Every structure is written in C-alpha cells, then in structure tokens.
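Participant: Here is how the chains run, residue by residue.
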Amino acid sequence: MVQKPLRKTLSILMAGALTLSLAACGSGAKSDSGTDSSNASSGGDKASDKKVTITFQNIYPDPTTPTYKTLHTLVEEYEKANPNIHIELDTLNTDQQKMKLKTQAASKEVPDITIVNPSAQMKPFVDAKLLAPLNDVIDKNGLKDTYQAGLLDNYSFDGNVYALPDGNNIEVVYYNKDLFKQAGIEKVPTTFDEFLADVKALKAKGITPLAIGEKDSWTGSFLFMNMLLRTNGGPGFLKDVVDGKKKFDDPAFIEAVDRFQDLVQAGAFPDGATSIDANAGGNIFKSGKAAMWVIGTWETGAIDASSVAGKVGAFQFPTINGKGNLNDFMLAPGSGFAISANSEHLQETKDFLNYFTLNFPKKQFENKNAVGLGQKVEGDLKSGGYSDLAIEVAGLFNNIKGGDLAFDNTMNPATAQVHLSSIQNLFVQKTDSKQVAEEHQAAFEANK
Amino acid sequence: MNVLKVPGRTIAVFVLPCLLLYVCLVFVPILVSFYTGLLSWDGIASAKFIGLDNFKNMFYHDPVFWPSVRRTLVYAVASMLEIPLCLLMAILLNRYVRRANSLVSIYFTPVILSVVIIGQLWKTIYNPTSMGGMLNGVLISLGLPSWAHNWLTEPNIAMFCLYFVSLWQYFGYHLLIQFTGIQNLPSEIYEAAKIDGADGFKADRYITLPLIVPIFKISVVLAFIGSLQAFDLVMVMTGGGPAHATDVISTHMYNSSFLSMKYGYGSAIATFLVIVCLIFTVIINLIFSRIEKKVG
Numbered sequence: 001m002v003q004k005p006l007r008k009t010l011s012i013l014m015a016g017a018l019t020l021s022l023a024a025c026g027s028g029a030k031s032d033s034g035t036d037s038s039n040a041s042s043g044g045d046k047a048s049d050k051k052v053t054i055t056f057q058n059i060y061p062d063p064t065t066p067t068y069k070t071l072h073t074l075v076e077e078y079e080k081a082n083p084n085i086h087i088e089l090d091t092l093n094t095d096q097q098k099m100k101l102k103t104q105a106a107s108k109e110v111p112d113i114t115i116v117n118p119s120a121q122m123k124p125f126v127d128a129k130l131l132a133p134l135n136d137v138i139d140k141n142g143l144k145d146t147y148q149a150g151l152l153d154n155y156s157f158d159g160n161v162y163a164l165p166d167g168n169n170i171e172v173v174y175y176n177k178d179l180f181k182q183a184g185i186e187k188v189p190t191t192f193d194e195f196l197a198d199v200k201a202l203k204a205k206g207i208t209p210l211a212i213g214e215k216d217s218w219t220g221s222f223l224f225m226n227m228l229l230r231t232n233g234g235p236g237f238l239k240d241v242v243d244g245k246k247k248f249d250d251p252a253f254i255e256a257v258d259r260f261q262d263l264v265q266a267g268a269f270p271d272g273a274t275s276i277d278a279n280a281g282g283n284i285f286k287s288g289k290a291a292m293w294v295i296g297t298w299e300t301g302a303i304d305a306s307s308v309a310g311k312v313g314a315f316q317f318p319t320i321n322g323k324g325n326l327n328d329f330m331l332a333p334g335s336g337f338a339i340s341a342n343s344e345h346l347q348e349t350k351d352f353l354n355y356f357t358l359n360f361p362k363k364q365f366e367n368k369n370a371v372g373l374g375q376k377v378e379g380d381l382k383s384g385g386y387s388d389l390a391i392e393v394a395g396l397f398n399n400i401k402g403g404d405l406a407f408d409n410t411m412n413p414a415t416a417q418v419h420l421s422s423i424q425n426l427f428v429q430k431t432d433s434k435q436v437a438e439e440h441q442a443a444f445e446a447n448k
Numbered sequence: 001m002n003v004l005k006v007p008g009r010t011i012a013v014f015v016l017p018c019l020l021l022y023v024c025l026v027f028v029p030i031l032v033s034f035y036t037g038l039l040s041w042d043g044i045a046s047a048k049f050i051g052l053d054n055f056k057n058m059f060y061h062d063p064v065f066w067p068s069v070r071r072t073l074v075y076a077v078a079s080m081l082e083i084p085l086c087l088l089m090a091i092l093l094n095r096y097v098r099r100a101n102s103l104v105s106i107y108f109t110p111v112i113l114s115v116v117i118i119g120q121l122w123k124t125i126y127n128p129t130s131m132g133g134m135l136n137g138v139l140i141s142l143g144l145p146s147w148a149h150n151w152l153t154e155p156n157i158a159m160f161c162l163y164f165v166s167l168w169q170y171f172g173y174h175l176l177i178q179f180t181g182i183q184n185l186p187s188e189i190y191e192a193a194k195i196d197g198a199d200g201f202k203a204d205r206y207i208t209l210p211l212i213v214p215i216f217k218i219s220v221v222l223a224f225i226g227s228l229q230a231f232d233l234v235m236v237m238t239g240g241g242p243a244h245a246t247d248v249i250s251t252h253m254y255n256s257s258f259l260s261m262k263y264g265y266g267s268a269i270a271t272f273l274v275i276v277c278l279i280f281t282v283i284i285n286l287i288f289s290r291i292e293k294k295v296g
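Protein chains in written order, with the UniProt record's numbering: chain A, 1 to 448; chain B, 1 to 296.
These are calculated hints, taken from the structure and not from any lab test. Only a predicted model underlies this, so the values are computations on that prediction, with no experimental measurement involved. Backbone N, C-alpha and C define an ideal beta-carbon position, used for all residues, glycine too. Among the clues, some could well be false.
Cβ-to-Cβ under 8 Å is the rule here; a few derived chain A residues that face chain B [said to hold, decoys possible]:
hint, residue
1, D271
2, T274
3, A278
4, W298
5, A414
6, Q417
7, N425
8, V428
Once the Cα atoms are required to be at most 25 Å apart in a straight line, the calculated DSS-like pairs of lysine-lysine come out as [unchecked claim]:
hint, chain 1, residue 1, chain 2, residue 2
9, B, K56, A, K100
10, B, K48, A, K448
11, B, K48, A, K102
12, B, K48, A, K108
13, B, K48, A, K98
14, B, K48, A, K129
15, B, K56, A, K448
Whole structure, please, built from the sequences with the hints as guidance.
Facilitator: See the structure below:
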C-alpha cells in the first residue's frame, strides 16, 4: 500500500534528477559562451581601466628551465605595471600544444597568444587567416632591429610577419671528451670517413657512439638532413624539389641515404633506438653513456646542467666525400609567438607581446640562456659566467655561412610524415636507397 | 508487449534523455565524420569536397592501409581465440578452487590499471639489453642470449609483442565474465544431472556450455570490437613504429588526421572502421543466434 505512492515519488524524483542533470549540462555550455560574449563587449571599448584577460598559450612547462623563469618574471612584471591586464598562461608541452592548437584552429578559437613553428608548419594557419600580422608590433620601440638579419623571413608570408621567434638555433655535434680519449680519438672528425672510423673505434670500446631517441622520428630526420646538406654540396635541396628543379632520386639524396645506412650498419646508434623517445635518447648522452649527440644548440644549457658538464665540446658535422661546407648548418629558427587574428583584445595583446619580446633576450641572458637567442643582446658571455661549452657553441654561430631548415619546416605535413617514417625504417632494416628516394618522390607528388 | 504496465509517456520520459544523448554523442558525430571523409581538409583551412577520392586512395594507393587492416583483424581474431581459454580456466577455477574469488580478482588487476601504465611496464620488460630490458635479462641469465631480441623495434616481431600484452591484460576481464556466468547457473540442474550420472566434464559438456552461450557471446563481441579499436596500447608502446610496422587502423587514422594533417582522409579511415565494426557485430550475432538455436 505504501509501495505505490513510493514508486511514484521515486519516479518523479528520478525524472527530476535527470532533467536537472541535463539542464546543468546545457547551462554549463551556455555560461561558457556567455563569458565569451561578455569578453567581446569589454574588449570592444578600449577604456584602459577595463579588466582585460589575455590568454598566453606556451610550451615552457618545466620550472627548472631558464625559459620558464624568463616567461614568468616577464609576465609578473607586466601585470604589475598594468594592473588592468591579467595574463592567463595555458602551459603545455610541445606535442600537446601542437595538438591543442590544431583543434582550436578547427573551431576558430585560437588563444590570444599562441606558439607556431616556422615556415611550412605555420603556413596552414596563415592561409586560414587565423593569425594577425605583427608588422606594427615589430615597428614599435625598435623591436624589429633586435632580430638577427633574415630570421623573421621564416615567419613572414606576403610581406607580413606573423610570428616572433623565441630563439634561433643550429645543429651541432656535441661530444664527450673523456669517451673520445678512452677510444683513442685525438681530434674531432672533419670528414665523414674520419667520423665513421671514430664511430667504429668507439663501438669497439663498447661505448655507444651516437645518442638518439628515434621513437620521436624528427631526431633521426634532423641528423639525416645534415648529411643531405653535405652531399648536396650546400643548402637548398628541398627547396629545389619544391620548385621542381630536382627530384628525390637525385644522386645527392641517394648518397645521403647510403651514408646514413653506413652509420646504422656500423652500429652507431643505441640498441632499439626506435623505441627510445627523444628525452630518454638525450639522457644517454647526458649521463655519459654515449660519446656523441647530434642535436640543436638549444640543449647547451641542459648539457651544462647534467652530469657530463665540463667534459663536453661541440663540432660541425663533417663533410662527406669532400662535398659540403663545414660552415653550412642545419638551422632551427625557434618556435614563434603569434597573435590570434580574432583576439578580443587585439591591441592590448600586441602591446604585451611587444614588451615581452623586447625584454625576452635580456632576461634570457640573465638566466644563462643566451646561446641560441634569435635577438641581439648586450653583454659578454664570459663575464656573464657562461660555461666554456656555451662560449664554444656561440663561437660556431659566428661561422654560419648558410644552411637548411628541417624537413618538416620545408615540406607539407603529409610528405614530412612519409619522410619521417621512411628514415625511421632505416634504423630497423637495410633498405635499397633508390626505394627510399622513390617513396619520398611518390609522397611529394601525391601531396603537392 | 507492455510488460511494465506503465503508460507510454512515462517510458518516453525515462528513455528520451538517454536516447537524445546517444543520438547527439554517437550518431551525429558518425554522420559528420562520414561527411568529413568526403572532403580534402587539413583541419584548419577551408575544406574542398572531393567525393569518394579519399576512399579510393585508401583502398588502392595507401601502402600503410591494408597492412594495418590485416594487423587489426589478426588482433581481433587472436583476442576472440583467447575466450575459450578463459572459459576453460573459469570452469576449472569453479570446480577445483574453493575460494576462487580472490584468484579471479588477481587475474582482474591488469584490467583496472591504466593502459598507459601497462604500456610503460611492458616497455621496460621488452627494452633492449643495453637499456636493462627484463625479458632479455632473464633470457641471458638462462643461457639463451641468442633468444634475446629488440622486441619492440624489430618489425617482424614487434606486433606480436603488442598482441601478447593486450591478451595478457584482458585475460582477467573475460575470465571474470565467464566465471560470474558459470556461478549464476542454478545448482539444481547440476544436482539433478548428478543423479542421472552426468558429472564432471560430462556435466560441463551438456549443461555449462549450452547455458553459458549468451555470456560467451558477450565476451566475444566485446573482445572483437575492443581489439578493432585498439589504439592506446599501440600509441604508448610503439606509436605505430618502427616505420608503420605496428600501425593498426586507429593509429593510422590518428597519424593521418593529426600528424599528416589530412583530416578528411583520417575521417574516411574512421568511417571504414565504423562500417567494419557494424558488419562484424552483425555477423557474430548471426552466428551465435544459430548456435543458440541449435543448443536450445
């Protein structure tokens, strides 16, 4: 007798709970868009005392790195000087940020400031008109002249600059002097034959010659591109391919693949290299287990902070068969700060970015991270307390004659992916170099 | 038909919320992704309608697609073949172990663990000798150094190493399903059978097996669909590498959409996956309804 009313109340309650939870979902979505539109209205009128929140998506999550400190001090200083501005940091690691930005771009919700990569990688965003031109930003306070000559070209399309780089690095060969001594190597190699002989000598001593983390396939490609830069006798191979002047079955490309396979066959890389990620790969060198590491100069600070600090030197990638120039480098213009074209507070964001990029190099210098800066900075490394390695690497920068960008900064993403897995394949099985070239050419033509 | 004796309106109130959610979260996205599969789109810029070109490319020109389909199907078949083993184990546990529950719980632990943890765990087991891989360590200490391999980086064996981890992880899951199924069978039947002289394996053959068929079917469907969608474990352990040697349909889809920035093409692969899942679910259901009719 009690049962019937009970069941009825229960069912009403349940239905109520369901509708409530549904309503909650609905209102959640609504309140989100609500704040958006209120932001829009507050950004519309430019009263300087209006509260403004700028979202700053960035890729510096590690509190132990100098760039993290630089970022946080600059943001704090700016917020103190401009109390009406709040900078909200959306901090992610590199791969997550790439993914998140792509998803945001698909729904046209790019954060006020975000990070893009140079040339081919940022082109889709520019083409989709998601990024704001920054010409007025670099013209203000002489910001433009702080950048190294030609660097901004990597971020410019049709005469407009769309991003401001956080650095400019080159690829060098770091080597562990102690391990070289153990293997009886007197001087650093300048030709590929010497390089290969050193690899074999190290291997014979049971030392891993080259550290790499090829699960992240860009690492192998970055190394391979050095060899292509040499066999091609200079920079520009990929550009010639894009322009239709060369094809991948060019002898230069085939020779680069052959020489790369020589390294693999000589056992230059750690066992199971393709299952090691980039960080772990670097740690093989930084823990003193591998003799060499071919990587960008952005690692200089990290090497100085590791257990092999003080034992490490750097040299240029050797010439191959007399081809190439030691002073051509693989260039790695840094990730760039870009502003969303649809930003609700475009002017405030531009003002902040101008302040940020003007002071970025100074703070980086103070935080011992001046090697690989894309901007000129006053100050002397030696008296700034920098390590011998940092000074040696900075010296290499002075030699730069020219160079190439990484494969994925030159070619479209689909071709780049085929390239990356094709190089990864060389680590695990011997392949006919002609076939590698054909694979590249086919992918290039299919994705033109 | 209306066994619940409640008015249709009440049923609607209870069913609608779920139905709406289901339609919005499942059916609409499937249709949208089918449509995206007809586009040439990098996910950012404006899209171009290209009809069935993505599907043509997929079936005729993509060197990665068919091998990854093959690997996915092998994976699915392997995980279905595991289920009779689970059933056998469940029967044995039920018969010979007095407090089997704790054992079953232990078998179940890998299922509770996150796939990422499982992946990292097995990566350290499979690691090459120079990085302290446990499996190689054991093989070498057993005096079998020639059996040591770079398990995850040799293209010929890497995929099998992944199959094994997945089978290992889900063994406990299917065991639990079968075990609970057997425990729920009424004991009177067994007692009656015992009087008639059917005991032990004879009872299993004529009572357990026929009665467990519906449960068995659930396990098979779950295993099959689950392995068609396998993604996380592959992503954590190899990322589809070395050089696509361990790519399955879903990782190929992910790589195409997000790394090669061919969002439309990725959606075409997703559509293919959905259709394959549907077809096989129907086939499995047909087979089992036949079996059920036979034993019934």
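Participant: Please list, smallest to largest, the hint numbers that this structure does not respect.
Facilitator: Hints 3, 4 and 9 contradicted; others consistent.
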